[in-house]
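Assemble the whole structure, with the sequences as input and the hints as a guide.
If you're matching them up, the sequences are chains U and B in order. With the UniProt record's numbering applied, the first sequence covers 1 to 345. With the UniProt record's numbering applied, the second sequence covers 1 to 345.
Mixed in with the good hints, there may be bad ones.
Since the list can't tell identical chains apart, any single copy or any two copies may satisfy a pair.
Stated by the list, open to error - Derived DSS-like pairs (lysine-lysine); straight-line CA-CA distance at most 30 angstroms:
no., residue 1, residue 2
1, K320, K282
2, K180, K259
3, K104, K196
4, K16, K259
5, K259, K196
6, K259, K2
7, K16, K64
8, K3, K251
9, K282, K183
10, K155, K134
11, K2, K142
12, K282, K2
13, K155, K70
14, K180, K320
15, K70, K320
16, K334, K183
17, K251, K320
18, K334, K282
19, K70, K259
Hints are computed from structural coordinates only; laboratory data are not their basis. Owing to the predicted nature of the structure, the values given are computational and were not obtained by experimental measurement.
There are 2 protein chains.
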Amino acid sequence: MKKGNPFGTHRVIEPKGVLPQPAIKIDNNMEIYDNEILINVQTLNVDSASFTQISDQAGGDVEKIKEIMKGIVAERGKHQNPVTGSGGMLIGTIEQIGTALEGKTDLKVGDKIATLVSLSLTPLVIEEILDVRKEIDQVDIKGKAILFESGIYAKLPSDIPENLALSVLDVAGAPAQTVKLVKEGDTVLVLGAAGKSGILCLYEAKKLVGPTGKVICMAHRESSLDKVRALGLADVYIAGDATNAIEVYEKVMEVTDGKLCDLVISCVSRPNCEMSAILATKDDGTVYYFSMATSFTKAALGAEGVGKDVNMIIGNGYTKGHADTALQIMRESKALSDLYTKLYA
Amino acid sequence: MKKGNPFGTHRVIEPKGVLPQPAIKIDNNMEIYDNEILINVQTLNVDSASFTQISDQAGGDVEKIKEIMKGIVAERGKHQNPVTGSGGMLIGTIEQIGTALEGKTDLKVGDKIATLVSLSLTPLVIEEILDVRKEIDQVDIKGKAILFESGIYAKLPSDIPENLALSVLDVAGAPAQTVKLVKEGDTVLVLGAAGKSGILCLYEAKKLVGPTGKVICMAHRESSLDKVRALGLADVYIAGDATNAIEVYEKVMEVTDGKLCDLVISCVSRPNCEMSAILATKDDGTVYYFSMATSFTKAALGAEGVGKDVNMIIGNGYTKGHADTALQIMRESKALSDLYTKLYA
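What follows is the structure, encoded as structure tokens:
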């Protein structure tokens, strides 16, 4: 076997010198290098922003969706949406393990895993698209993929249904980062709290703030709030438009007696929500941006523009133990497990 | 006087409901609201990315630069470059203070200040452009501007020349955040370390890491490194291309005995430097992005793509005491003061 680079740079075709994620085209030849893992793919969980774009472009037509998806992979060697830049993840079965990884990996041939690195950097071949589940952005295929040595993954648990695990793992970074950031007694606001990542953040925040803390759930529509209210995941529920910073600020001032929040987690998958999060945060507080629709410059110049000394964090999709944290929620809470099964699995 | 909103939303013309910074057009009528401050403007320090774009568009012609700048302000009511989205800052003299601010501000009529909020949200009128100093992005004008109640500023010190103070205050957030992040014994890498913000970061990092720490200075050209080397601001000097993540990773591995860095500060004002910073950081280390050329998605997906558990921070241009921290460097170090006077004042 040929020797590979841990980050997969040996697969980059264009432009030379970059990593697989920013590359325009990577090599998806399925003969593995010595530090790669070959996966027999079962299901792609396409990133929500990406799937929405593809589905819109196809006018909702399933055959056209298939055609667009196959076209992307044929052109780039990976399923990276050229409009949104994003990917998704996959589940499949280990088919072959590179010789250099022997004794270094806990995986063996036949294990079923979910890859936790983005499809936007994963070498992929689609032979056939078997089924498109439009409501949950999942696509069953016949095909193969490569996991690089630095690529992260989770073995699928035997006690959680596969599609549920896949949906939850897709946003695993959010609840795990919440655990790292929330302290007892904190006032925590989650924007976009009724979505797939937002609900998991609420769950962890509610556990950690304790009786002296306060968790505020904000979503666009009253009907979305009802869904969360039924689960008792927050202390306060607010409906409002997260792109309207002044409205959010005034509502949060009201429910915090003018004190604002120690931590604001932004999970809204629409643009222009940076300022709402900043204005709702106390001086010296923290804003955690998990949404991929966040603009770096809008956040940086926005905080300066209103003289807010807040710590702003870029949502890293990975943190140690994030897969376990997310799956554990499904074990702990039957109510959440039922809801996620209904909505996303 | 009419009552104003602390964030200046009363000045927003289009689109309605947003803050002055993201607004396309704001009201630059110079009759002040009760919580505003009127400034007689002397000099604009245009943001470096913005000035480069304007100068390029004008083919370097000073009269055309003037025309473009006046056009921007006429159209938007503020000097926000429509291509880069960025602004800059200004110095001027207080001409009038709104009645609602009496007893609430330490400013008085006649004080000379630098505004520390971006020009991209500051109501501005340019009557005449008196001088364009192309080498340092500074433009002397006859005109007026408005500071909002939430707007931050610094009184110009009497012991530092005005143009030097203006240049240093422009990047004041960077050294102040460095002070907050560096711990004794840390290994710190500054990317783009020979630039205006990078050198100030090096200076603070070198003071704080102590004899057990290590400060690594990286810049594109050997000639840039020489400038910093002469000042003794780092322990290790590396020339390299910050857009080539693998090259940066290998060089940093070498000079840190394979341990990588506790903190990486990215001050490179070109795109595609996110991955260099991520790969050069230890697991559990911190990346501080000060450059406005940073892409949120490239950082977020990039860290996940290589399975790096790093804390990534969006460079907030403001933190408490940042103006004092930056000006103090000019008082402490004659060598830096001389260099900044030569290059930027």
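For each hint, the structure was consulted:
no., hint, in the structure
1, K320 to K282, "both (28 angstroms within a copy, 13 angstroms between copies)"
2, K180 to K259, "both (22 angstroms within a copy, 24 angstroms between copies)"
3, K104 to K196, "neither (34 angstroms within a copy, 45 angstroms between copies)"
4, K16 to K259, "between (51 angstroms within a copy, 27 angstroms between copies)"
5, K259 to K196, "within (28 angstroms within a copy, 37 angstroms between copies)"
6, K259 to K2, "between (60 angstroms within a copy, 27 angstroms between copies)"
7, K16 to K64, "neither (32 angstroms within a copy, 39 angstroms between copies)"
8, K3 to K251, "between (57 angstroms within a copy, 21 angstroms between copies)"
9, K282 to K183, "both (15 angstroms within a copy, 25 angstroms between copies)"
10, K155 to K134, "within (25 angstroms within a copy, 59 angstroms between copies)"
11, K2 to K142, "within (26 angstroms within a copy, 67 angstroms between copies)"
12, K282 to K2, "between (54 angstroms within a copy, 28 angstroms between copies)"
13, K155 to K70, "within (27 angstroms within a copy, 61 angstroms between copies)"
14, K180 to K320, "both (10 angstroms within a copy, 25 angstroms between copies)"
15, K70 to K320, "neither (33 angstroms within a copy, 52 angstroms between copies)"
16, K334 to K183, "within (25 angstroms within a copy, 44 angstroms between copies)"
17, K251 to K320, "between (35 angstroms within a copy, 26 angstroms between copies)"
18, K334 to K282, "neither (34 angstroms within a copy, 38 angstroms between copies)"
19, K70 to K259, "neither (51 angstroms within a copy, 42 angstroms between copies)"
Hints 3, 7, 15, 18, 19 from the earlier list are contradicted by this structure; the remaining hints agree with it.
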